[in-house]
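Enquirer: Residues per chain are reported as follows:
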Amino acid sequence: MSASETITHDIIIVGAGLAGTWAAMTAGEEKLDIAVLSKVHPLRSHSGAAQGGIAAVLNNVRPVEGTGPRGPLEPIPPGGEAVDSLDLHMFDTIKGSDWLGDQDAIEILVREAPEIVYAYEHMGCVFSRLPDGRIAQRRFGGHSVPRANYSADYTGHVLLHTIHEQALRRGVKFYSEWYCMDLIIEENVCRGIIALEILTGRLYTMRAKAVMFGTGGYGRAYKITSNALANTGDGVAISYNAGVPLMDMEFVQFHPTGLYQKGILMTEACRGEGGYLVNSEGERFMERYAPEKMELAPRDLVSRAEQTEIDKGRGIGPDSQGLHLDMRHLGEQKICERLPQVRDLAMKFAGVDMIDAPVPIQPTAHYSMGGIPANSNGQVIADTNGTPVVGFYAAGECACISVHGANRLGTNSLLGASVFGRRAGRTMAEFVKNGAELPPLHDDPAKHNQARIKHLMDGNPGSNNHESVSQIAEELKATMTQGCGIFRDEERLANALRKVKELQERYKSARIMDKSGRFNTDLLEAIETDHLLTFSEVIVASGMARTESRGAHYRTDYPKRDDENWLKHTMAHKEEDEPKLSYKSVNIDWEKFPPQERKY
Amino acid sequence: MANRSFQGNSATIRVQRFNPDVDEKAYFDEFSIHLEPGTTILDALREIKSEQDGSLTYRRSCRHAICGSCAMNINGKNMLACNQPLKDHLDRRGRITIRPLPYQPIIKDLVVDRSVFWEQYQRVKPWLIPPQDVPEKEFRMSPEEVEALKDAEKCIMCGACYASCQVIGLNRRYIGPHALLKAFQKILDPRDSVPGERLAEVAGDDGVFRCHTIFNCIDACPKELNPTQAIETLRKLAQKRQAFEAMRRERQKSLIVSTPTRTAEPSGD
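These protein sequences, in sequence, are chains Z and W. The first sequence begins at -10 in this note's numbering and counts up one residue at a time. The second sequence begins at 6 in this note's numbering and counts up one residue at a time.
Bear in mind the hints are in silico, worked out from the structure with no lab data behind them. Note that the structure is a prediction, hence the values are computed from the model and not measured. Be careful, since some hints might not be right.
[As the list claims (entries may be wrong)] Here are the simulated PhoX-like cross-link-like pairs (lysine-lysine), alpha carbons at most 20 Å apart as the crow flies:
#1 W/K130 to Z/K337
#2 W/K82 to Z/K162
#3 Z/K497 to Z/K563
#4 Z/K466 to Z/K488
#5 Z/K323 to W/K155
#6 Z/K563 to Z/K573
Excised from the complex, chain Z in its bound form (with noise of 0.2 Å):
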């Protein structure tokens, strides 16, 4: 094969979700050029999935006194007494985080937020609304004062859509179905990436004075999960290939409320507009695990609940493996107003109407509070000491700072992808401006890429002992989901990693059918199946590690929290037969915010 083409930028920003959208337009103030990477179209980018809210201390709602913590809101007049402050957003995320969050990240994620959730609304966004006109706010998991900005049950929809618009606003350029398959860093350099084609399958090498990753989640190591199928974390897998450690990686987080058997996101706000959890037994079983804020308890919490009524015998479905979210005494006008997207997505893929009956869910692979780790500037950081590696930056889910600890709270990620990703582009656009030189290359870096190709498709699945990717790849979540999910412990992990091994040895057998160059998908799921059998071992080590338990990460042989021995942060290098592991300290406000324990 020939040498690949070359295209040079200043910046190029892969993912054009939230985070990598606004780094885009924030660089690109400064009539820079740069250039936004996205394997699927941007407006197919999983940010657009988010439903319940972007967090931020607007202070537009507050309880009504004496209607309890279930009780309705009412907007708060002119004049009124403030009932949220950034210091509480700060403390309810760092407890959330289950004190694994840097508090100086969550300061700046704090403070930063009511001036991104403006500037979407000036940009556009579509909000829903109190009479006089602001912003309206409803309650969430961890929170304890209502602050999830809203729009009905699709705030991700119309955030991804407004920042999508404004950006081809600013005329940014945009590589639609381009998808990244390799990171070139040399000498603690970033010099560019590899980058497909999808539409011809040519491979084409692609410099810049900075990258930046907004490549999201990769909730789909898993069988149940709430995310798209896109989800396989790319950005994750090849940073951590091009010598990237990557942060706290066992930390992955089930929400509560997926869709029995499919793993669809019913929004966390069912249970913010009231929703209740039912066991078989027809008990609000949230009582006996967290008696104060019962549903609204953050995540992590809730999904153990969950996870141990189903393994108690308490659940309901077919296989016993679900339970009930009953929203029937919300009422037909609320759920229509305030929750038309899950209503419907029950109705469709649950045979549902929440109106007249309860949903059935399960906890369901959501989100990953680790990942690449990076400063509060978007700077990708090399080692446990900070040093950065040089242009290379990451924002977002693929990001680790890490704000969200052990365990994120609901519409903080919104909120996280938007500040953090707008630092970033601010980030790159300094660095760029102030003389960084577009580092050189040696050799052609996309010769290793073109052999990957060539290999998978050498052969033919079921032919001469090759396998076929999509078995592997089932055989992966169906490990990761039963020795790495809610509940681990050591015999659980040690399986699970051998066989992540054995899946990573067995899929350089592994061929594809679609031998074209031409948009293959066949040949993209291969890859994005590589990275998910790249990354999985990294969560499983760094689970197995880890003896205690903390946020998402829980360990049924040590099950407390160690402060003594743990609160410190995951660092995974890649080595050869295995992740190396070091440790990273947190920041923390000993005086302000000092751990405590997390008990709803």
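For this one, chain Z is given, so just place chain W on it according to the hints.
Expert: Quick look at chain W alone, frame taken from chain Z:
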């Protein structure tokens, strides 16, 4: 014709195939899959791709009708593949016919070239153009004004409407129901300060007056939106452009409300 009483346990999926690099023209492939309750059309495609023919090509991502990737033509009608139960679209003999969206060049199998669709979307300037003065907090857009958008903001740009429109079939320059719905959303938004310009654009040669009220767009929309009604509204407004502009200028005066200082101002320290 779809017949819901098909009782068999295997379905025959007829899919149109075409790779312009190797095929002279499009042809049909037939696949047989085991029918499970709850199988969607997308599930069937995925099963075929992973177990029978890896070269079967289609777009998909979210699989729950929010990303807009998987619009295609099922038994002659455009819809999303991911939220349609397969059994609802099987005929008496358990067959379904899947083709790519019409009126657009085929890239491969069920993947079409959407360039013109996206160009028309950009043509209506889908971004809000707010007034010069921007408030410290949010513009005071009322719940009624949000209602007046008639859910237009829910559009996922899937293209089912566009590819159902016979005007598009005859006239590729027609802006199209998707872009006109987006234009409607921006024109009706009180925060947009150029409704007059927008109305002038959509009232031009390729815009709202080309619609023949065929209503295919409404039938096709997976979000139950109503581009025809939006186009109707724009036609009326286009004829009262200056009055509408004046009304908007007036409205924008009260969009910004200064907020009195509250007690206990939230602060960062």
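Enquirer: Output the indices of the hints that this structure fails to meet, ascending.
Expert: Numbers 1 and 2, in rising order.
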